[in-house]
Each structure stands twice: as structure tokens, then as C-alpha cells.
Amino acid sequence: MAVQKDEVMSVTSSADIVLVRQIVRKWSVELGFSLIDQTKIVTAASELARNMVDYGGGGKLRLEALSEGIRRGLRLTFEDTGPGIPDIDLALKDGYTTGNGLGLGLSGSKRLMNEFEIYSRVGEGTRIAITKWR
Amino acid sequence: MSLNGKTTIPEILKKYQAELLTDWLKEQAAAGIRRDNFIKETELRQQCSEFLSLLTNATQSGNLSDIFAPEWSQVREMLTSISNSRTRQGFTPRDIALFVFSFKRPLFDHLRKEFAHNGEVLADEIWSATDLLDKLGLLTTEIYQKNREELIARQQEEMLELSTPVVKLWEGILALPLIGTLDSARTQIVMESLLQMIVETSSQVVIIDITGVPTVDTLVAQHLLKTVAAARLMGTDCIISGIRPQIAQTIVHLGVDLSDVTTKAKLGDAFLVALSRSGFKISRSEGEF
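Protein chains in written order, with this note's numbering: chain V, 1 to 134; chain U, 1001 to 1289.
No false leads were mixed into what you were given.
Coverage of chain V stretches by chain U, computed from C-beta distances (three or more under 8 angstroms per stretch; other residues unrestricted): (1) 29-43; (2) 46-60; (3) 91-105.
Keep in mind the hints are simulated off the structure, nothing from the lab.
Note that this is a predicted model, so its numbers are computed, not measured.
For glycine and all other residues, C-beta sits at the position ideal for the given N, C-alpha and C.
Use the sequences and the hints to build the structure in full.
Put into C-alpha cells, the structure is as follows:
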């Protein structure tokens, strides 16, 4: 698997979330994703970016255009240095939230993408990498 | 003077004010500041001479490093007003900063003449002068930036107001065509204006059209559900229309439950449902017009 291109942006406010959606949409269009996949990727990015701003105190997003053989993909890595998630299984449960949202953002973005990796340590931060292949 | 730890810049400014002004004006013309169409020669001369005398006054305190000290307040005010007026006139931040930076050469020339035989003092003096003028120049850029930010904030507010119209489609039927991002601040305005219109028009059905919303994530869905719930509390039914295929699929994957709400793909379909719920029927007339 090779990384064709990458970019890092900082995400600290809700205005940045709008920017995340725009950039992720641009990248998925460039990579030739279908309209449905574009929408899924943008929505997942929007969820995770908002989680990062709301619960992680802001962080960074790395976008990577991947290629593996003939297939191409987009990987988004969200990394913050916030409080971390104590119980990842619980956090991934539909309807579970520590805030006042619907509790579907994390689990929903997992369903919207092909690959979903989460790494979190209490007190250190959270890193979530999601990938969509076409 | 620098030999005993004190700078002579204030004295030089005072002593050579007239020459400095002439040189500075020449320098500004040479720097290619776009001004001929915007600022008249006399106006520029007046601005420069006023700035120069304020600068001279401020330096008399001996403080050349902290331009945010009270003795510099008049200089800051002058720069702010110059910066503001030039921004309005369409100057670039480069042009505005050059107003200050172009003063470097005239001042340095005089310092050089004064300390031609004392390189060490000259270096010290030039450093103080460049430090001071850099700070003042950067201040104009900061002011420019602040003006821009205010402009953006104002436009954002205008957009909030503009993009949330509630339209009366028919007797008892309202439509709310949503466009753009549904962030919290805007949703608040949308909710308020919708509920207000429901009371004013005593409508029974509201159609919320999300054709113009590019991304429906859980936050947007939650806002929609809350709006529907609030309208329902007032005795009004809500129909959500404009759900495109990709949005429908995404909502399903996210796991958002919209089954309590009537949804339609197109605004027209939603309008038909709304009409039939209010007891209206549409029929094509058979006679000739």
C-alpha cells in the first residue's frame, strides 16, 4: 500500500468542521468516488471531526490518498490529545453518548467506511483512522 | 546618546523633521505605493507630517520598544485611522505597511550621517530604529486583518438571516427550504422563525426541505428531529422533503431513526401530502381555457 499524497489540517472549532467537510469532499471527488461514497466519507469525517472538537478539545486531521494494486482509497486519521475514551466498546454502542448528541456518530462512521481503527488512552488522547476503498 | 545608554533617535527626529518629511515622501513615491488615484499629494503630505510629529512626541519619552505603552497611544490611533481609511479605499496590506516601512531609509540615512565615525553606536541606533518601525508596520497589518475579520463576521451574520426564510405555500401549509450548513447557531434561528410563523399563520403542516443541505450527519439529523418535535408540540405536522438517494443511504448507515417523521424525496410530493392532509384535492380541469 502506498501513500500518493497527504495533507494535515488542524481542527479546533466548528468553523473548521465545515472546512473538513469541504476538503474531504474535494479529495473524494478527485479520487473518483461515486456520489454515494462521497457523501458517506464526508458524513463520517464530519462526525469524527465534531467528536474531536466537542470531546477531544480539538486536534489534527491527516488525509491520505492510498493506492494498493489497482484499487485506490482515502484514509482519514483524526488525532487529538484530549481526555481519551475509557471504554471503547461502550463508546461504539449505538445510542451511547456522554454529551447530548444522538450517540450514533462513532458507530455510524464505522458503518459508513470500510476500515475503522481506534486507539485511545485515558489522559493521552484518541486516534481514529478510517479508510474507504473504491 | 547610545554611548551612555540613551538613544538619540528622538533628537534626530526633532532636529531633522523637515528633511525627514521630504525624504520620506520621495521614498514613498519611489516605493511605488498606489496612491495617485486615491490620495491627493497634499493629503498624503499632511498625513505624513502629522504622523512624524506624533512619532517624534512619542519617542521623547525614551521608550522605543513598547509601542503599546500609553505614550504611544496617539501614534497607534493615527495608524489605526490611516489603516482603516486605506482599507476602505482598496489598498493592499502591503501598501499600508509600506507607509511605515518607507520611513526606514530616510531615518537610517540621517543616523548614518550623524554617526559616520562610530560604527558601534550606529549599529545600535539602526537596530532600535528598525525594531520600532517593524513593530509599527506590523501594527498596520494587524489592523488590516482585524478589519477583514470584522467584515467576514458581518457577512456571516447576514447569511444567517438571509438563508432561513419560512414560506407560506398554501392556506395552513408552510415550507422551510434549508440551504447550507446546519450548525447550531443557525438551527436556533431556523427553529425560532419557524415556530413563530406557525403561530402567526396557524398552519397545520410544515414541509422542511433539505435539498440544499449537502451533508446530513447525526447533528443535523438531531436538529431536524428537535425541530419536528417542537412543531409537533404546537400541534403542527412536519414533512421532511428533499432526501436524495445518497443522503438516504447515509442516514441508514448512521443508524438515525427518522421513521416517526413523514419523509419524501421531492418537495412537490411533500406538498401533495400536505394538501391532502389539510383536506384539499388537486384535479386537472377538463374544460378549455
